[in-house]
Amino acid sequence: LAKTTQPISMDSYEGQEVNITCSHNNIATNDYITWYQQFPSQGPRFIIQGYKTKVTNEVASLFIPADRKSSTLSLPRVSLSDTAVYYCSPGAQKLVFGQGTRLTINP
Amino acid sequence: SQTIHQWPATLVQPVGSPLSLECTVEGTSNPNLYWYRQAAGRGLQLLFYSVGIGQISSEVPQNLSASRPQDRQFILSSKKLLLSDSGFYLCAWRAGGGNTIYFGEGSWLTVV
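So the protein lines, in turn, are chains A and B.
Sequential numbering of the first sequence, starting at 1, is according to our numbering.
Sequential numbering of the second sequence, starting at 108, is according to our numbering.
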């Protein structure tokens, strides 16, 4: 199973762009990379998923380099409501989550 | 659309008592099902996953067991709870050919 490493915490301010990078050095060939957002006392919620290069949706972008050993979640113009824990999860059948990144957005 | 439900939402149990958390998925067939645990302020730990009825894979040997008596039903059990079993338990599902898992609302278990 691919083990992940993310920063434990990050701080930013409203309106800024936030980039969270996750390393997954032993990712398998058929693994997709999925990012989740979790608020306290709730289950994680899907944000974005990709396999390689760049993926963009209405809430975020995901950048994956050619070697796929890392990925970067980009949140444009964050707001206070983006304060949460963010997990990257490479995998297919079994999805493993690391400790996540606790993102705090300040006014 | 697909939905997932788990219950009870909160539970306070004495040490040594049994446990049963139930999870059901609606709107899909033959999903992969998962049980995760999250200790306070910690990450998600995969406990069990199932690819079909009666097929259970255990990721971490411990005081818990899982069963899948029906296609869309996943049950987490314990015969005797330990204090260390306290935490936030999450059921999740994934379509058989998909790459995204979807989580339930979670169940808070406090063992006293």
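Be aware that a few hints might be false.
[Unchecked claim] Pairwise CB distance ranges (calculated):
#, chain 1, residue 1, chain 2, residue 2, range
1, B, S184, A, K69, 35 to 43 Å
2, B, W114, A, I8, 31 to 39 Å
3, B, N137, A, T83, 21 to 29 Å
4, A, K69, B, V122, 37 to 45 Å
5, B, L190, A, P65, 39 to 47 Å
6, A, N26, B, Q120, 33 to 41 Å
7, A, T21, B, T207, 32 to 40 Å
8, B, L190, A, P40, 19 to 27 Å
9, B, S165, A, N30, 18 to 26 Å
10, A, V59, B, W114, 27 to 35 Å
11, B, G148, A, N106, 18 to 26 Å
12, B, S127, A, P65, 26 to 34 Å
Just so you know, these hints were derived from the structure itself, not from any lab.
Glycine included, every Cβ here is placed at the ideal spot set by N, Cα and C.
Outcome of the hint check:
1. B:S184 <-> A:K69: 35 to 43 Å: About 39 Å separates the Cβ atoms of S184 (chain B) and K69 (chain A), which means 35 to 43 Å holds.
2. B:W114 <-> A:I8: 31 to 39 Å: Hint holds: Cβ distance 32 Å, inside 31 to 39 Å.
3. B:N137 <-> A:T83: 21 to 29 Å: This hint is violated: roughly 37 Å between Cβ atoms.
4. A:K69 <-> B:V122: 37 to 45 Å: At 44 Å between Cβs, range holds.
5. B:L190 <-> A:P65: 39 to 47 Å: 44 Å, holds
6. A:N26 <-> B:Q120: 33 to 41 Å: 38 Å, holds
7. A:T21 <-> B:T207: 32 to 40 Å: Violated: the Cβ-Cβ distance is about 21 Å, outside 32 to 40 Å.
8. B:L190 <-> A:P40: 19 to 27 Å: For P40 (chain A) against L190 (chain B), whose Cβ atoms are near 22 Å apart, the range 19 to 27 Å holds.
9. B:S165 <-> A:N30: 18 to 26 Å: Holds - the Cβ-Cβ distance for S165 (chain B) and N30 (chain A), about 23 Å, lies within 18 to 26 Å.
10. A:V59 <-> B:W114: 27 to 35 Å: 29 Å, holds
11. B:G148 <-> A:N106: 18 to 26 Å: Given range 18 to 26 Å: holds, Cβ gap about 20 Å.
12. B:S127 <-> A:P65: 26 to 34 Å: Because 45 Å falls outside the window, the suggested range is violated.
Going down the numbered hints, you'll see the structure goes against 3, 7, 12, while the others check out.
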